[in-house]
Amino acid sequence: MQMIRKLGLAAALAGGLTAPALAADVDLYHDKANWQDAYTKVLGEAPASTEAVPYADTSSYQAAVRASLRTSSAPGIFTWWSGYRMKDLVDAGLVADVSDLWKKYTDAGLYSPSLASAYTFDGKIYGIPNLVAYWAVFYNKKVFADNGIEPPKTWEELTAAAEKLKAAGITPFGATVEGRWPAFIWFQEFLVRQDPDLYNRLMNGEAKYTDPEVEQVFKTWKDWIDKGYFTDPSISFGTAGTNAMASEFAKGDLAMILVGTWYAATLQEAGMSPDDIGIFIMPNQKADMGPAVIFETGPLLLAANSGQAEDAMKVADYWMSAPAQQTWVDAQDFPPVNKDVKAKSELIANLVTEINDGGYTQINRFWEATPTPIAEAAVDELGGFMLQPDTYPQVMENLQALAEKTWAAQK
Amino acid sequence: MSGTASAALAGGAAATTPTARPFSQRMVPYLYVLPAVAFVGLFLLYPMVVTLWQSFTSFDGITDPVFNGLDNYVELFADPNFLLSLRNTLIWTVASVIFPVTLGLVFALAINGIRGSGFFKTSVYLPATISAAAVGILFTFVFDPGNGVINAFLEAVGLGALKQRWLFESPLNTFAMIGAYTWQQTGLNMMLFLVGLQGLPTEPLEAAKLDGCSPWRLTRQIVIPMLAPYIVIATLLAVVNGFKVFDLIWVMTQGGPSRSSETLAVTMYREAFILFRLGYSAAIAVIISIAAIAFSYFYMRSVVRQETQI
Amino acid sequence: MSAAAMAGDRPRVGREVAFIGALALTVFWLLPLVLLAMNASKTPEEFLLTSGLEPPTTFNLFDNVARAWAKGLSSGMVNSLIYGAVGSVGAVLLSALAAYGIVRLRIPRGLFWFLLIYSGTVFPFQMYLIPLFNLYLDTGMYDTRFGMIAFYIAICIPFCTFVLRGFFLTVPWQIQEAAALDGASSWRTFWSIMMPLAKAPLILLILIQFTWIWNDLLFGLVLTKSNDVRPIMVALAGMKGVYGATDGPSVIAATLVGSAPTLLLFLALQRYFVRGLTLGLGK
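Chains as they are written, first to last, in this note's numbering: chain A, 1 to 411; chain B, 1001 to 1310; chain C, 2001 to 2283.
Any given hint could be a false lead.
Derived lysine to any residue pairs resembling SDA-like cross-links, with alpha carbons at most 25 Å apart [stated by the list, open to error]:
(1) A:124 to A:112
(2) B:1244 to C:2199
(3) A:142 to A:305
(4) A:104 to A:156
(5) A:222 to A:156
(6) A:251 to B:1164
(7) C:2199 to B:1030
(8) B:1244 to C:2147
Calculated from the structure, these hints are not laboratory results.
Given these sequences and hints, build the entire structure.
Structure, rendered in structure tokens:
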């Protein structure tokens, strides 16, 4: 008994002797543990001492941030998601208006105004860019070269390439449901490639999931699945720790992966050298449609009620400046958003040039472009479709039912 | 019934002291009990009450809660996903009684008293010392359709046709996860039964053996019935824990694909932390609690009955 | 005794068969752990490129652990050690006091008090999450070691009280009456008589609760955010992810290292496990 008492006392003392860490002027909360080092590097030069706080898990991160936003202990800055995912925070008045900050940078010609569209509500801008990624197709250069394939510029070239690869025993495209959310990747792509306007209308509830054009999308998708163009959708994608898709790509068994540009780092971890990775934007089904690319933008938001609000604004200003952005881009190899900043890798630099010079329409991805209840429930339905493509009529019905429910509740 | 039991105890105490006890002395038991009650009250009971209240509101975490009566409950029972979740939870509860408990019993009977039993005991119990999340990661790996242990093994022994997408077909995925859960929980049940076996009285067993009873019949008709109280405890613990399983499922399938492997605990988490429908999620929590209480009630009744018969 | 008698009556061949059977079963049972260890020793590239069944070509376990160590594994282990030790000992102490008060001091309406405490364990844990979260935010306990310890103590109390109550019911009354005749106060009786008797169940409970606290993921996720406070399972969870590069062997190695303390604790305290269960179940 004496021993237990002593042990207990000792541990209690140890537990009590916890000096709280020196509080920084600004806290930056985020849920991307892998980026902690990059944040620390960039924020090292910030005008106010800023500490990046990584949360381990996305859903508890969201709950923690949402709960703290009404109080003054809310973080000065936090990462979030654009579009509908931030709309409810904006509507509740919990996010600071940063339109003036943007004006400073767009007036100086350093930022393109259209970049802020995903953060704009009622004419005011509420976020600054944390990450911009374009959703394009990574391809294994060696596999292409060995099979005499060039990056396709038209839909016909794309399907021809797929056929050639299939004949050579190589899986053309990667597709997965692992982690739940990836199920929307090909859905949005097929929609946009068929008709970007249809995509926009569907995201805003002006088109129905049961419309014949949407059925056409599913038919095309099913056709590709039946032809064996995709990997088995149960392939692992990194959520649980293994990443078979990346390793198949590295081994040359998988030729193309449609994903955000941030995936380049994963591919290199899998053993690909940057010279072996190529990227191209998926061509439209019909050549006469203007070029479009799906992008993803994650904002940094400033909490309106935070006690750190003033300093946070200064740090936000610093974040958008060229020196900070250059450090960020160098650390992450993201497409640069500040025009004075150079991309780190040739791969990304070429892609960005093509998008800017080619007059590409930039379309926000599914995850943020449509209300959250639809997006979350849709990936479950789409995942079911990917595993059992014959069920697409039922999937379409289910999607429309939940879309209707959500739009009705929004009124 | 229980009232008379404790009254009897209290009355017994009063009977041993001839005069009424002074207030300070009567307060003493409360002082012992209060710290525990305070902790439980603040950290466990208070959240329960709040959750119960929240189940009658519509609350998204960033605006004020809005009272909406029984709407959440009505919506729950009309939602096919909820009913599927309920079905899965029942499968889990039944399976987590059948598999870990039965297997634990079998192991206990097999390992008891043989050479090197200490080593076997420890090995079987080892999985119980690692976390559910770790088990989930491990078995996601094991069940991986492309690269995983099971499919690779089937392929290697020529049974490639039996390969499955273990975690991606329903209800196969639920059973695969139950397999992982069994791997972890069997050891605990085995330990419980080993304790029981070692406490068995020798005379009835010796007598039966002298009568020429075969070991098999001995086990079935004498040993197992004598282990009945332990089986009851193991079953109760298994049921209550089966309701609560979350980490394992969340790590392995996140309740998918298409929400096919969700149990009530997973659905509750999803509604709260992904869809931010806190009132709705609270209603699910209340339903889980009612079910768990109902099961526990029967056990507590039998335990209390036993004790008051002393 | 009875068990050995049973075993000794099996024919020699039967015993050998049983032994081999048990051995085979154990190997099969431990296979997943062996695979874990194998894959924890691979380099990240090797991990991505080889099948899970293939053994590693080089031994990289310590490198993998070192990387995980720097990424938050070390602080996670320190935190969880504190939570596990203080939490389990604290809960066991408070539960012993409560069980003593209920059973030995015969508090009026003792069953009500016991059920009140026990009801804390009947509800699914997830139910506590959001209200606790808000409570912690409001009272400033969010992301503090104190807050975590307090919670872990609270959640371990119900089960510990359940077991210790069962144990205390089996202690003969004569011992207590003898102490009272000697003029011992309830406090003295508790510490000098009851607790030493309860040594095995107490240690069993400390072992079980330490393991539970150590393995907790959900409450650590919701109630902490910073490295200084975060328990180990949360630190592990933070190492997986799709955004950016994944480092499989490091995660698996970290999982192994993270599981080691509870494993070792069990091995060290096993003999109390069975004794404690026996006494704690009270028949």
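A quick look at each hint next to the structure:
1. A:124 to A:112: Roughly 16 Å separates the two Cα atoms, so the pair holds.
2. B:1244 to C:2199: Violated. Residue 1244 (chain B) to residue 2199 (chain C) sits at ~30 Å, over the 25 Å cutoff.
3. A:142 to A:305: 53 Å, violated
4. A:104 to A:156: Roughly 45 Å between the alpha carbons, so the hint for residue 104 (chain A) and residue 156 (chain A) is violated.
5. A:222 to A:156: 17 Å, holds
6. A:251 to B:1164: 24 Å, holds
7. C:2199 to B:1030: 24 Å, holds
8. B:1244 to C:2147: This hinted pair holds, its Cα atoms lying about 23 Å apart.
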